[in-house]
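Peer 1: Those protein sequence lines, which keep their order, are chains A and B. With the numbering used here, letter number 326 in the first sequence gets 326, and the count goes up by one each step, no holes. Converting from the second sequence to the numbering used here requires adding 331 to each position, the first position being numbered 1.
What the hints contain is simulated information worked out from the structure, not anything from laboratory work. Just so it is clear, the structure is predicted and the values come from calculations on it, not from any experiment. Idealized CB from N, CA, C, for every residue including glycine. Incorrect hints may appear among the rest.
Simulated restraints on C-beta separations [unchecked claim]:
#1 A:GLU133 x B:PHE461: 33 to 43 Å
#2 B:GLY539 x A:PRO83: 39 to 49 Å
#3 A:TYR264 x B:PHE461: 35 to 45 Å
#4 A:VAL34 x B:PRO455: 53 to 63 Å
#5 B:ILE368 x A:ILE38: 32 to 42 Å
#6 A:SER87 x B:TRP338: 23 to 33 Å
#7 B:PHE335 x A:LYS167: 32 to 42 Å
#8 B:PHE374 x A:SER197: 50 to 60 Å
#9 B:LYS494 x A:LYS326: 34 to 44 Å
#10 A:PRO83 x B:LEU470: 36 to 46 Å
#11 B:PHE335 x A:ASN184: 50 to 60 Å
#12 B:LEU465 x A:VAL34: 19 to 29 Å
#13 A:LYS167 x B:GLY402: 22 to 32 Å
Residues of chain B clear of chain A, computed beta-carbon distances all greater than 12 Å [unchecked claim]:
#14 ALA341
#15 ASN381
#16 SER421
#17 TYR440
#18 SER467
#19 ALA503
#20 GLY516
#21 ALA517
#22 LEU542
#23 ARG546
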Amino acid sequence: MMMRKDFLVYLAVLVVFLLLYFVIPKPVVFSTAVSSIIIGLIVLSLIFILIRTIRGKLVGRRTVFLFVGIAVVLPFFMTISQPIVLSPEVKLVYDSVSELKSGSRVLVSFDYDPASAPELQPMAESFFRLCLERDLKIIIMGLWPQGPQQAELALQIALQDPDVVKKNLQRGVDYVNLGFQTGNEFVIQRMGTSFKSMFPRDTRGVLYDSIPLLKDVSNFSNIDYSFNLSAGYPGTVEWVQVAVDRYGLKLGTGNTGVQATGMYPYLRAGQLKGLLGGLSGAAEFEKATNKIGQATFYMLPQSFSHIIVIIFIIIGNAAYFLGEKKKKKEQ
Amino acid sequence: MEIFGTWVAAFLTLGIISFLYRDNPWYKVCESIFVGISAGYWFVTLFFDNILGLFWAGITREDPNYMLLVGAVLGVMMLLRLVPSIGWISRWPLSFVVGATAGFYLINYFSSNVMLQVSSTLLPLLSPGFGQPLFSSSLYDVVGNIIVAAGTFTGLVYFFFSKEHKGAFGHAAKIGIWTIMITFGASFGYTVMSRMSLLIGRMEFIFGNWLGMIR
């Protein structure tokens, strides 16, 4: 019986999506008035849930999932914009890149995989765009196998920017992708003395010595600024410990939100020259570079979902304290 | 082909999300596909990058690097764990890895996470840094330095269990636990943002790339 009910639920979900695919006119855009009505309805339903909770009727976890889903999806269709304030750590990344002279070499390490792309890919695109606009030379590498592939995706988007297209940039001269190398922090350690020993060829099989951009690059001392996009281990911690503290590399970083709080001590100690923390960091960086991208677009669903989470925390606490009170009364 | 790929990705995404309702065969199929592909991807990547790209290319080039053979032998010794009668041999390469990594980390952590962090915690109160003029610090920095130093100290007090948490010591421990809770709160906030970002990315794929409903 249960199996049959489940099957019907999944079938209904599939039918809804197929209807959305074939029937609904596209794109869907809500006017400000419609957006306000939707927000009002959501607020009313949350108040209803709060009252029910106070009366002792708890909501199931699926209700929470549903509300989070609604909070994430509906803002995609809304025409409301959200103010973004630039933080000092994001400004530091922007200033560090802006201060570099034309032709300076920037090392970018992609230490993440597609799972973290929603947070880190917008950072990569904005960073590449900024570097290419300022005629900086980009050396790409990765300590995660799929990192250099993510770099290629970001690079293709940055190269399509009208300000970058007219520069007629060339692979091997203005930018190069050295690919992935296994070995985690030991790769960084080895790069301190020789890049070539870790990356004998680039991703297209061109020998290190044949790449014009790498002609005078042998180790970290030939790099003017580096930027690490990190989603875990190996990542920013390893870059700070080895490349920054041992070899004096100037490093900025873009981290997933989970990691970001752990990076602030390094920022305070001056070991990091800038930090983009999670999606908000990416949106702030887009604002700094004056090129609105995906991160800014993602910020409205992000804010909505945070509000929903906060409200459910309040509802959960209300349920907890009322439950405690009830227990005491019964005793 | 691209449309087919998008449909497959949408089918798998919905399958994974279906777990929120209940564990089900659709979710299990998607999970198994993910685990299988990940294992295969890692195997192929490491084989081509390590064994072919580094080891084989290294020993067959014009000036061979025979040091790579040492690593290869250690690697083979590690695999001997699969043969129970001589499995003990695998402890040698393991001890090498543990020893080398411990030595490597000891220096890194002591320098980066201890010495530099201590010096950036105990900063001069009324100037931005050591050797800089007195009273040149902003009020923001002065307050910030006090909070960091006091928060670190009281946080350490909380973890000192050789003395009972009573009186002034108990108050300091209480401030310490509040500092720790605020840190956890900040970390939780960032984690929520991170997880929501992943969900937003998937939803944008479903409603944008697949259904074409987003502008």
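Peer 1: Report holds if the minimum CB distance from B:LEU542 to chain A is greater than 12 Å, and violated otherwise.
Peer 2: violated (5 Å)
Peer 1: Starting from the range 50 to 60 Å, see whether the pair B:PHE335 and A:ASN184 falls in it by beta-carbon distance.
Peer 2: Once the Cβ atoms are compared, 36 Å apart, the range 50 to 60 Å for A:ASN184 and B:PHE335 is violated.
Peer 1: How does the Cβ-Cβ distance of B:LEU465 and A:VAL34 compare with 19 to 29 Å: does it lie in that range?
Peer 2: violated (60 Å)
Peer 1: For the pair B:ILE368 and A:ILE38, does the Cβ-Cβ distance stay inside 32 to 42 Å?
Peer 2: Since the Cβ atoms of B:ILE368 and A:ILE38 sit about 38 Å apart, the hinted range of 32 to 42 Å holds.
Peer 1: Beyond 12 Å from every chain A Cβ: check whether that's true for B:SER467.
Peer 2: Per Cβ check, B:SER467 is outside 12 Å of chain A; nearest 18 Å; holds.
Peer 1: Cβ-Cβ distance between B:PHE374 and A:SER197: within 50 to 60 Å?
Peer 2: violated (25 Å)
Peer 1: Just tell me: holds or violated, for the beta carbon distance of B:GLY539 and A:PRO83 against 39 to 49 Å?
Peer 2: violated (24 Å)
Peer 1: Could you say whether the range 33 to 43 Å given as a hint is met by the Cβ separation of A:GLU133 and B:PHE461?
Peer 2: Roughly 38 Å apart at Cβ, these two residues keep to the hinted range, so it holds.
Peer 1: Could you tell me whether the CB distance from A:PRO83 to B:LEU470 stays inside 36 to 46 Å?
Peer 2: violated (26 Å)
Peer 1: Per the stated criterion, does the least C-beta distance between B:ALA517 and chain A lie above 12 Å, as a non-interface residue requires?
Peer 2: violated (5 Å)
Peer 1: For B:ALA341, is the shortest beta carbon distance to chain A beyond 12 Å?
Peer 2: Non-interface label on B:ALA341 violated, nearest chain A Cβ at 8 Å vs cutoff 12 Å.
Peer 1: When you take the CB atoms of A:VAL34 and B:PRO455, is the distance between them in 53 to 63 Å?
Peer 2: With Cβ atoms ~57 Å apart, the hint holds.
In summary, the structure is inconsistent with hints 2, 3, 6, 8, 10, 11, 12, 13, 14, 15, 17, 20, 21, 22, 23 from the numbered list given earlier, while agreeing with the others.
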